[in-house]
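As a plain string of letters, each chain reads:
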Amino acid sequence: MKKEKTYFDKVHTWGRIWVVAALVFFLSIPVAVSIHFGVTPRGEIIGKGVAALIIFLITGIVEVIAYSPMLGAGGTYLSFVSGNIMNLKMPCAINAMENAKVKANTEEGEVITTIAIASSIVVTTIVIAITVIAFALNPSFSELMASDTFAPAFQQVTYTIFGSLAAGYFIKHWKISIFPIAAVVVVLLFVDPGIGVLIPIGVILSMLGAHIMYKLKLV
Amino acid sequence: MFADFKNDKFMYLIVLAVIVFVCAQALFFLRKAWIRGKELGISTDKLKNAVTSSAIFSFAPAVGIAITVISLSVALGYVLPWIRLTVIGAIQYETTAAIGAIQAATNDPSANIAVPITDPQIFSEITWVMTLGSILPLILIPIVLKKIQKGVSDVASKNSKWMDIMTAAAFIGLISAFIAKGLAGMGSKTEPKIGDGAGVLSLAALVFSTGFMIFFTLLNKKLKKNWIEALSMPVSMALAMIAVVLINTFAPSIAQIEWRY
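Residue numbers (our numbering), protein chains in the order written: chain A, 1 to 219; chain B, 1 to 261.
One chain only, chain A, in its complex shape:
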């Protein structure tokens, strides 16, 4: 007898179809741009450019392995298509699970993270579209947002996201929180490799610290 497909199986089937479609669609964009402008891109220039972005290719692999258990299956298929994962999709998913009191890696967690990330994508896409069109039509608006009054504030958006997320998480899990913050600060005192590298460092150190504390029965 054929085994009935679980919700997770179905999510993976839908996700694969959407991601492969996205891949074909996104690759067709530079093709369309080249044809539209009647130009033939030079292979060696593209090769050199992609080689310069090698760190992003490596980061891409690390992100898939590190983030997918936290984002859930549906959340991962959505997040990697729409981007802005760590500054937007991930905090959204964590906040929604906290509010709904569900755990990651459960079916309830899967449902809630998918709903949260999907809602975030629709709103973000619309807000970016409206804001960019407003900027394009009205350069003075653009100057105001880029002014010394507002630009430094928007520079801090990410910190307001993680400050508010930290409030709930660190209070609840303070024992395992001190070590990773201190360790990443120490790393930063010597070298700042950028947030793309700092995140895996933070996640690995945090999990390592928590594992040791678990073994020592401290948590």
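Bear in mind the hints are in silico, worked out from the structure with no lab data behind them.
Mixed in with the good hints, there may be bad ones.
Said to hold, decoys possible - Dumping the calculated DSBU-like pairs for lysine-lysine here, alpha-carbon to alpha-carbon at most 30 Å: (1) Lys101(A) x Lys146(B); (2) Lys150(B) x Lys101(A); (3) Lys38(B) x Lys5(A); (4) Lys161(B) x Lys101(A); (5) Lys147(B) x Lys103(A); (6) Lys46(B) x Lys172(A); (7) Lys10(A) x Lys161(B); (8) Lys38(B) x Lys10(A); (9) Lys161(B) x Lys172(A); (10) Lys175(A) x Lys161(B); (11) Lys225(B) x Lys3(A); (12) Lys32(B) x Lys10(A); (13) Lys175(A) x Lys225(B); (14) Lys38(B) x Lys103(A); (15) Lys3(A) x Lys150(B); (16) Lys103(A) x Lys193(B); (17) Lys146(B) x Lys103(A); (18) Lys38(B) x Lys175(A).
None of the values given here were measured: they were computed from a predicted structure.
Put chain B on the given structure of chain A with help from the hints.
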């Protein structure tokens, strides 16, 4: 709006198609998850709360993303950065990726995002580089995601307490990286700006958002209202942003203090 070749009607048609695709995928998964949530007995209130909270929460970061689009628009026009930051791209490294692509395509190691790209050939090459440089996750995910998820759920079923701690630790590790960056992160070397290194503004953003969030959490414990829970995070973020603007406006000499620049 359409004067420059980088912002012509064709480019706007592409971004429109991208927006339709991304929203269609999101709405498809939203509908499926909602139906499954109801089958699992999750209350409509909880499901609605997830939508409302995420929608409001996304507003300020989305404006921040749009500002990144603007900062890249001098060199690349509005549409290409807009596409990049609607799909796959990320605010943290899109500027660096754009600079890398511009330098390679112009064959000028000092080229940056302040100079407009005027050659369609170079522009198309930048489009290629920015696309090929970021699509690896989309190739990997259909192949490896199911295996990763299965591995995680197998471990979770064997030792759920350990798995709960590890999941919390993973989230905390992610949050720690940003908190530490706000406390001790360096500013950009290639595109230095006020407020990009750890200093008064980043510390204020962290302290105020944490403080407001604690306040709303305590308030909700007392009043037990769903709407407070849904709004706690976006409102804490918004109030912290207002605090940062106020500090920057009324005490600029203090606001510009950065201990890591």
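So, going through the hints one by one against the coordinates:
A hinted pair counts as satisfied when its Cα atoms are at most 30 Å apart, and Lys101(A) with Lys146(B) qualifies at roughly 25 Å. A distance of roughly 23 Å separates the Cα atoms of Lys150(B) and Lys101(A); the hinted pair therefore holds under the 30 Å criterion. A C-alpha spacing of about 18 Å is found between Lys38(B) and Lys5(A), which places the hinted pair at or below 30 Å, so the restraint holds. Proposed proximity of Lys161(B) and Lys101(A) is supported: the alpha carbons are some 16 Å apart, at most 30 Å.
Using a Cα cut-off of 30 Å, the hinted pair Lys147(B) and Lys103(A) holds, with the two alpha carbons roughly 20 Å apart. At most 30 Å may separate the alpha-carbon atoms for a hinted pair to count; Lys46(B) and Lys172(A) meet this at roughly 21 Å. Restraint check: the Cα-Cα separation between Lys10(A) and Lys161(B) comes to about 28 Å, which is no more than 30 Å; the hinted pair holds. Between the alpha carbons of Lys38(B) and Lys10(A) the distance comes to roughly 17 Å, so the proposed pair stays at or under 30 Å and holds.
With a C-alpha separation of about 15 Å, the suggested pairing of Lys161(B) with Lys172(A) holds against the 30 Å cut-off. At most 30 Å may separate the alpha-carbon atoms for a hinted pair to count; Lys175(A) and Lys161(B) meet this at roughly 16 Å. Straight-line distance between C-alpha atoms of Lys225(B) and Lys3(A) comes to about 43 Å, which puts the hinted pair past the 30 Å bound. Between Lys32(B) and Lys10(A) the alpha-carbon distance is near 10 Å, which keeps this suggested pair within the 30 Å criterion.
Only pairs whose Cα atoms come within 30 Å are accepted, and Lys175(A) paired with Lys225(B) is accepted, the gap being roughly 29 Å. Between the alpha carbons of Lys38(B) and Lys103(A) the distance comes to roughly 17 Å, so the proposed pair stays at or under 30 Å and holds. For a cut-off of 30 Å, the pair hint linking Lys3(A) to Lys150(B) stands: about 17 Å separates their Cα positions. Restraint check: the Cα-Cα separation between Lys103(A) and Lys193(B) comes to about 39 Å, which exceeds 30 Å; the hinted pair is violated.
For the hint pairing Lys146(B) with Lys103(A), the CA-to-CA distance comes to about 19 Å; that is within 30 Å, so the pair holds. Of the supplied pair hints, the one linking Lys38(B) and Lys175(A) is violated, its CA atoms being roughly 36 Å apart against a limit of 30 Å.
When held up to the earlier numbered hints, the structure conflicts with 11, 16, 18 and fits the remainder.
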